[in-house]
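Visitor: Residue numbers (this note's numbering), protein chains in the order written: chain P, 1 to 275; chain S, 1 to 359; chain W, 1 to 303.
Source of the hints: derived by calculation from the structure; they are not laboratory data.
Be a bit skeptical, because a hint or two may be false.
[To be verified] Simulated crosslink set (DSS-like; lysine-lysine; CA at most 30 Å straight-line):
| hint | chain 1 | residue 1 | chain 2 | residue 2 |
| --- | --- | --- | --- | --- |
| 1 | S | Lys20 | P | Lys100 |
| 2 | S | Lys7 | S | Lys314 |
| 3 | S | Lys20 | S | Lys7 |
| 4 | S | Lys203 | S | Lys178 |
| 5 | P | Lys37 | W | Lys156 |
| 6 | P | Lys136 | W | Lys264 |
| 7 | S | Lys238 | S | Lys314 |
| 8 | S | Lys20 | S | Lys113 |
[Unchecked claim] Just the calculated beta-carbon pair ranges, DEER-fashion:
| hint | chain 1 | residue 1 | chain 2 | residue 2 | range |
| --- | --- | --- | --- | --- | --- |
| 9 | W | Ile63 | P | Ala161 | 45 to 53 Å |
| 10 | P | Pro217 | W | Pro75 | 48 to 56 Å |
| 11 | W | Gly93 | P | Leu23 | 21 to 29 Å |
| 12 | P | Lys37 | W | Lys156 | 22 to 30 Å |
Even for Gly, the Cβ is constructed at its ideal location relative to N, Cα and C.
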Amino acid sequence: MSYLRRYWLSVVAILVSGVVFLLPFAFIVLTAFKDQKQSALRDFSWPDGNYLWSNIVEVVTTRNWMLLTAFINSTILTVASVTLLVIFAAMVGFVLQRRKTRFNGLIEFLILAGLMIPPAVVPTIWLLQGIGLFGKLHGMVLIEVAYGLPFSIILYRAFIATIPRELDEAAIIDGARPFDVFFRVILPLLWPVTVTNIVVQSVAVFNDFTNPLYYLPGNANATVQLTLYNFQSQFQTSYNLLFTNIALITIPPLLVFLFFNRQIVAGMTAGAVKG
Amino acid sequence: MAGLELKSLHKSYGEVEVIKGVDLSVTHGEFVVFVGPSGCGKSTLLRMIAGLEDITGGELWIADKLCNAVEPRDRGIAMVFQNYALYPHMTVYDNVGFGLKLAKTPKDVRDQKIREAAKILQMEHLLDRKPSQLSGGQRQRVAIGRAIVRQPEVFLFDEPLSNLDAALRVDMRMELAKLHQDLGATMVYVTHDQVEAMTLADKIVVLNGGVVQQVGAPIELYQRPANLFVAGFIGSPKMNFISVTVESVAADTVTVAGKDLATMAIPADGTGIKPGDTVTLGIRPHDLLNQAGTIVGEVVLVERLGNETNISLKLPSGASWLVVLDGDHDMRSGQGVELTFDPARAIIFGADGAARHKR
Amino acid sequence: MAVMTETGVAGAAPLPAMKRRSPYPGWFFLPAAIIYGILFLLPTVASLYFSLTRWNLFSSTFIGFDNFAQFLREPFLIKGLINTVIYALVTSGLKVVLGLLLAVLLTSQIRARGYLRSVVFFPVLVSTVGVGITFTVLMHPTQGMINEGLALLGIKGPGWLVDPNLALFSVALVDVWKGVGLATVIYIAGIVAIPKDYYEAARIDGATSFQNFLYITLPLCRPATVTVIILSFIGGLRTFDLIWAMTRGGPGFASDTVASVIYKQYQAGFYGLSTAGNVVLFILIAVLVVPLTMLLNRREGHE
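Using the sequences provided together with the hints, build the complete structure.
Guide: Encoded structure:
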């Protein structure tokens, strides 16, 4: 009885989850295979032919290879900001966890504030213009670092608390300077949480739409999310191209999901629970 | 050549003073053990010598060099930690060689030193392993190896055996003693285990509340403890104490009596003691004899081990004592028992807690 | 090791208070502090001033609380304020309920657990704009797949995004679709951490599975509930990208939120008003989330 009930529950769960969560993705993929005429029907039908390749070519080459530029920009943005985030956040997490001073309370308050307070966009634009970083990719990198720091620091601090302080002391006795203690002993030990950080922040930066919308105007530095947003109006009637674009920019998170599912879940839950 | 010299060392955390002026002189090659109850400051003192804690006041001299403001790496010390503190991401070889690598020692010299240390500790077969693949005893060996390659002036040990099981602890204790003989280096060792202290030390430093209670050879501390604290701390089972009243004072004896004790003359230094004073008399459980004599009590609990018999005793005043008698004695709880002891084995402590040993 | 003796040092006068450098150097804070301080804190502080001005990036005129007064006077701005709170309440409420139910289901002895967890979680990682565009197409009143599907069942689907009374809730539903996976994994982590002894003890006491849920799972995964509520509530208050990708705040101002108002005013060149919107959002979060956090954590202390 209980076995039977469990069996039916499983079947229902699989069916419902399929309809609710998979159907939208199936719709994206199917539409990406269609030609313009069939895609305009916006229905859930099997493609009449395989137009995927021509769709891809058209999406990528349109507006002077803009999507390709956008992919390059997004990659640079993601790699650069996540690299800086990992190193700077680990350094802060390390000293913050190890050294108790009267500033710790203030620093922790600022970290929590950063998690809660929405960035003040126009003053930030004003400031970026003042220091010549507005609309520049490296300015955007620094913005992503600033906004991502609180979450990464919390992840690192929690993990560093599990590394015994004796290890630092052993290294100090062995003659390590503070720089060596961190980069040769502690940082290698942080690898699991570093992977989590890399994965979670990469997805966040790659998918970020709002901040590039404000701080990266113009086509030269567009990211993939901005490009998709712009294509939305351009491809009003070419649903096949619009959904080819969506399918293309879903590939990186899909790969991350396939390879790092465990770390990403661990990171998001750990960061959330400890935050 | 001096090994180590502590001059009036002080340590405070804000308002709280944890080390209250420690003076200690250690000659080169000595094995010194710091013992005391937890929180007595023994680990803090060791960490001050290592340079892991700042020195608030006083002077620290290592090998004729004032080290108060010297970085740990330049003090000529090496340290073995309670939890070994091996670098988990490095092999045993790299763990042992990390300090040499940081000091930019040439690769061939480094290799030679690592292999030499591994040979001394018989762990050549472990060099390629990671710490996680080692047993507790093997990790301990690696931690010691890491100390040896530094060829330090002074070895520092912070309760190194406390995480090992009882049998392994005895083995490692003997190995440490042998290592000390072979290397001839100065060693400072912190423990709360008085058996380790008694067996390893050339010199024991008993600490309590951040103050040195007594410094001396192990047997001296056992036989001539300086005060009530040392008398109670060194020796197992613990020394028995009772309050007694002084009846008369002669040149080399003090005659005392009390609720629990018939009049008895104890060899002691009577300076400053007057008839009528209340003093404390201490006698070790092993020194009590099952003969008609000066003490009467009621048996509360008996443990018969065959070669000896442990008895919990309740005295007329309500004080409870422990008695260890040689051989087997058939006793029952509730039974009365009469005991005596050799007065030369008893110790008189004045009202200030200081022992009044016969001069 | 005789090299250790250096004549200069040995002869030096006592140096009692001399401190060595900490092994945890303060300059490790510096790179992060500079970036965070300049690019986040400074604009946040500046926003407090600029929200009191009429501003075009080059010059600002101090106008006191006029911007805020406007926020509370103009109906479309008030609408945005109310919408924001509704949106946050609806999304966080649904995420708590659905997340908990899904987590209970996905920690039970059900088949294909791994597959189900993956399917529920994957949308969390997908581009919000992509999701927004996809659902805009799916929610089309006449040609969208959702209403075509409902028509097959004989139901006349509503005008999801074109009906002013419904648009905000439609977007909130998509938000829940995309975000419930995160709530679920947080709840799963919370449920898995509950020691099995409790359930075994309850079974011996004869508890049904519903009683198990009510008296063990629900109270003991309270920390997860607190996390999900606060996380999704803050997320809901700040939300912009999904609304912008799906309705641009429309039809009319029906689905505007404070965040979309900020963007609209920025586009229109009302920088002072836009910044005032930022401050309003900041105050809204502070006023709602801080007491909420305290309330949730205090009750936890009593148990």
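Visitor: Run every hint past the structure and note whether it holds.
Guide: Against the structure, the hints come out as follows:
{"no.": "1", "hint": "S:Lys20 <-> P:Lys100", "in the structure": "holds, 24 Å"}
{"no.": "2", "hint": "S:Lys7 <-> S:Lys314", "in the structure": "violated, 46 Å"}
{"no.": "3", "hint": "S:Lys20 <-> S:Lys7", "in the structure": "holds, 11 Å"}
{"no.": "4", "hint": "S:Lys203 <-> S:Lys178", "in the structure": "holds, 17 Å"}
{"no.": "5", "hint": "P:Lys37 <-> W:Lys156", "in the structure": "holds, 26 Å"}
{"no.": "6", "hint": "P:Lys136 <-> W:Lys264", "in the structure": "holds, 22 Å"}
{"no.": "7", "hint": "S:Lys238 <-> S:Lys314", "in the structure": "holds, 16 Å"}
{"no.": "8", "hint": "S:Lys20 <-> S:Lys113", "in the structure": "violated, 40 Å"}
{"no.": "9", "hint": "W:Ile63 <-> P:Ala161: 45 to 53 Å", "in the structure": "holds, 49 Å"}
{"no.": "10", "hint": "P:Pro217 <-> W:Pro75: 48 to 56 Å", "in the structure": "violated, 30 Å"}
{"no.": "11", "hint": "W:Gly93 <-> P:Leu23: 21 to 29 Å", "in the structure": "holds, 25 Å"}
{"no.": "12", "hint": "P:Lys37 <-> W:Lys156: 22 to 30 Å", "in the structure": "holds, 28 Å"}
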